[in-house]
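A.B. asks: Using the sequences and the hints given, assemble the complete structure.
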Amino acid sequence: MTRKRRRLYVLLACGVGLGSASALALTAFGGNLVFFISPSQIADHAPPPGHSFRLGGLVEMGSVRRVMVAGHPEAVFGVTDGHSTVSVDYKGILPDLFREGQGIVALGSIAPDGSFRASEVLAKHDANYMPKEVVDALKKSGRWNPATGEPLPAAATWDGIDGKPAAGG
Amino acid sequence: MTPELGHFALALAVALACAQAVLPLWGAHNRDPRLMASGPALALGQLIALATSFGCLVWSGVTDDFSVSNVARYSSSLEPLFYKITGTWGNHEGSILLWCLILALCGGVVAVFGRDLPSALRARVIGVLGFTSAGFLLFALTASNPFTRVWPPPIQGQSINPLLQDPGLAMHPPILYAGYVGFAIPFAFAVAALLEGRVDAAWGRWVRPWTLAAWCLLTCGIALGSWWSYYVLGWGGYWFWDPVENASLLPWLTGTALLHSAIVVEKREALKIWTVLLAIGTFSLSLSGTFLVRSGLLNSVHTFASDPTRGVFILALLAIVIGGSLLLFALRAPVLSAAGVFAPVSREGAIVLNNILLCSLAAVVLTGTMYPPMAELLFGAKLSVGPPYFHDTVIPLVAPLFAAMSLGPILPWKRADLGAALMKLWWAALAAALVGIAVGFGVRDAFAALGLTAATWMILGAAAQLVERTRLFRLPWRASRERLGAQPLAVWGAAVAHAGMGVTIAGIAGMALASSSVVAVKTGQTVALGGYDWTLLGLHNAPGPDYVSRVADLRVTRDGRQVALMHPARHDFTVQHQNISDASIITNGMRDLYAVLGDERDGQVVLRLHVNLMAPWIWLGALVMALGGGLSLADRRLRVGAPARRRRAAQTVPAE
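Chains D and W, in that order, are what the protein sequence lines are.
By the numbering used here, the letter at position 73 of the first sequence is numbered 184, and the numbering carries on one by one without gaps.
By the numbering used here, the letter at position 634 of the second sequence is numbered 636, and the numbering carries on one by one without gaps.
Since the hints were derived computationally from the structure, they do not count as laboratory data.
Values in this document were obtained by computation on a predicted structure and should not be read as measured data.
Incorrect hints may have been included.
Short derived list, chain W residues pointing at chain D, Cβ under 10 Å [what the hints assert, rightly or not]: (1) L359; (2) P390; (3) V520; (4) A522; (5) T525.
Computed list of lysine-lysine pairs in DSS-like fashion (alpha-carbon distance at most 25 Å, straight line) [to be verified]: (6) K115(D) <-> K416(W); (7) K269(W) <-> K426(W); (8) K202(D) <-> K524(W); (9) K269(W) <-> K416(W); (10) K416(W) <-> K426(W); (11) K115(D) <-> K269(W).
Output of the computed footprint for chain D on chain W, the stretches with three or more beta carbons under 8 Å from beta carbons of chain D [stated by the list, open to error]: (12) 344-355; (13) 367-374; (14) 595-603.
In this text, a Cβ means the ideal position worked out from N, Cα and C, and glycines have one as well.
C.D. replies: Structure (structure tokens):
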């Protein structure tokens, strides 16, 4: 076994390893990319039912209801980004940090009735976390300017942010 | 006063680190023994300064000094003392300081235990560590100073996030960081070797114990994090392919590869350039893992402290450390020449295969983790990559890895006969196949069947290593037992670590058979799940130190016999107005009964129940792996010290 020959073998093995890794990654990417969509994007044009995506926004104040569906408890709530609201239903126990006015991300798809059926609801560990889109909407609305170093306004005051500057703001 | 002292000590540490980055390297370049000798003293000085600084921060937390903004934001006088201390690193600024302290500890350890290193190599290693330290200390001092004061001080602090008030999580950052930062030592050795232009067996011998120690800590750290998410988050899962988890898995994968390739450098003086590159790559991934997550670039549900404004500083630092070391590698690597020659089928060949597969794994995990932020940056697309991607890519890559894991240690160095090695493992293969068939027909779950097959193969394969070495059944029993006792600890360590991986895989396979259900029940009502009957006995309130609990009493029976009484609870933290679920887990080692309490409505209680088969094995396996690493570390041959050098002369004769 000469050194050249060994190097060839090693390079070949590396090529096979790298090649199969990239082939695997590419094929797996094909079906498994999950897009992040905001409630207003759904309002503009809703993705087809059954297409899995992530929905992010704030839990609308006063919207959380618990219902029983076929013997299993379900939570129904609205997720808003200030412009539009999407109704979400979730079978399971909501995360501990889930509260009205809290920023959440839900994974799931649109059901035939137009509501969002979540398979997973994630609330941030950080109680002050807000989805970036919502922060952008806040900045646009003039309610919050990161340059002044002020903290984010209380989440409870956020409903109905419509992207227009607040009066006197 | 104490915070000012801490602040001053931090500034002093920056100055000492800067000196540590320049003087020893300059001395090594000019062969100036006095400058070279300054390295260890400076490293120890930096360590003492940082330890003082960190101690001051802890003291500010313990004494409830709310004029320190870090304490005001993340601590409160109501918290138990333990969480006042651990809260110090439960936030961005404190955790960066802890990170720097551990890096300084690495420098101190090299200064103390590296007395037998050639003085130029030691000076260079300490210099490189000092350079890295200086960068991150500067970051801590300027961009994330934990000693900033607020005036007027609040009367009460805002208290730490209740999710973090847990002994498991309290110990998680120090262990995980020690694992991350521990790879700074192999990194420094690699850069020093590039500067010197020399890598030999002695270099491999020095690098290996450090790598092994960091690897053990990282293994424990990852397992602790996974266990925490299992029992605290109450989701009933153990791994979510979240960016934070991936960030810790990546250096583990390349670190495992490094661990194995360093053996080849040490024993056979081959794979030198590759090992140097792996050492640089592993630490680079550790750095990116800690800081990309902290900078908020990687969006994750697990981060509790992120601040995008600090991102630019961090990115610049990462670019200097990673880019600089890779540039040095590109310039200097051709100087390092390989010596050992080996056939493709040999122990070296098996380790090359291990490295290729582990690095491919790291590549696909890195792609899945980095694609979303990159896609947002490049195309403005907001997307994420979910667990299905990772399952589709990781499973095909780990399958050959697991297959080769039992085979590799059986093969001799230099040249081997694959058929003969397979013959030595026939009984392990047979047992694995039988387990696979039994599970496959028993539960009809392909993932579980394949996983348990792999686990059996790995555990028995690890046993086969010992059987081979002791010539069990071929020599008389007593002779075999003597041979077993005479095996070096490193051999035991390898076998135990490989078996530990098998145990973890068995746990993961068993979890595929877990069953769960969300139910709404009234008091006295019974539901059936996973062969158990769960009866809600009642609900009551209970007080806690800084929370009020709502506790459910559940009786679990099987065939009319009581198996367990469970008390899932929900804690309502008064200061933070936050609810935290306290999952109740009853384990018997083979399965976990797992119950989470949800909301109450109309006299009904929502409960989520799980029966998780073999779940404890996942973390048990990680512990066994770390134990294997510890056994190897305890091996006299691996110990860094003078006796090793004498033996090195004796071992240059190939043992064939």
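A.B. asks: Quick one, is the T525(W) hint okay against chain D at 10 Å, beta carbons?
C.D. replies: With a minimum Cβ separation of about 16 Å from chain D (threshold 10 Å), the hint on T525(W) is violated.
A.B. asks: When the nearest CB of chain D is found for V520(W), is that gap smaller than 10 Å?
C.D. replies: With a closest approach of 5 Å, the V520(W) hint holds.
A.B. asks: Within a Cα-Cα threshold of 25 Å, do K202(D) and K524(W) meet the stated pairing?
C.D. replies: Measuring from Cα to Cα gives roughly 18 Å; hence the hint holds.
A.B. asks: Is the hinted pair K115(D) and K269(W) satisfied, with a Cα-Cα distance of at most 25 Å?
C.D. replies: Given that 25 Å is the threshold and the Cα spacing comes to 21 Å, the pair holds.
A.B. asks: Are A522(W) and chain D close enough, Cβ to Cβ, to be under 10 Å, as the hint says?
C.D. replies: Since the shortest Cβ distance to chain D is 4 Å, the answer is holds.
A.B. asks: Can L359(W) be said to touch chain D, with a Cβ gap under 10 Å?
C.D. replies: Holds, because the Cβ-Cβ distance from L359(W) to chain D comes to roughly 6 Å (cut-off 10 Å).
A.B. asks: Please count how many residues of the region 367-374 of chain W have a CB within 8 Å of a CB from chain D and say whether that reaches 3.
C.D. replies: holds (count 3)
A.B. asks: For the pair supplied as a hint, K269(W) and K416(W), is the alpha-carbon distance within the 25 Å limit?
C.D. replies: 11 Å, holds
A.B. asks: Check whether three or more residues of the region 595-603 of chain W sit with their beta carbon closer than 8 Å to a beta carbon of chain D.
C.D. replies: With 4 residues close enough to chain D, the hint holds.
A.B. asks: CA of K115(D) to CA of K416(W), is that 25 Å or under?
C.D. replies: Holds, at about 16 Å.
A.B. asks: Hint validation: P390(W) versus chain D, beta carbon distance must be below 10 Å. Holds or violated?
C.D. replies: Holds: closest Cβ of chain D sits about 5 Å from P390(W), inside 10 Å.
A.B. asks: CA of K416(W) to CA of K426(W), is that 25 Å or under?
C.D. replies: This hinted pair holds, its Cα atoms lying about 19 Å apart.
The structure fails to meet hint 5 from the earlier list, while all remaining hints are met.
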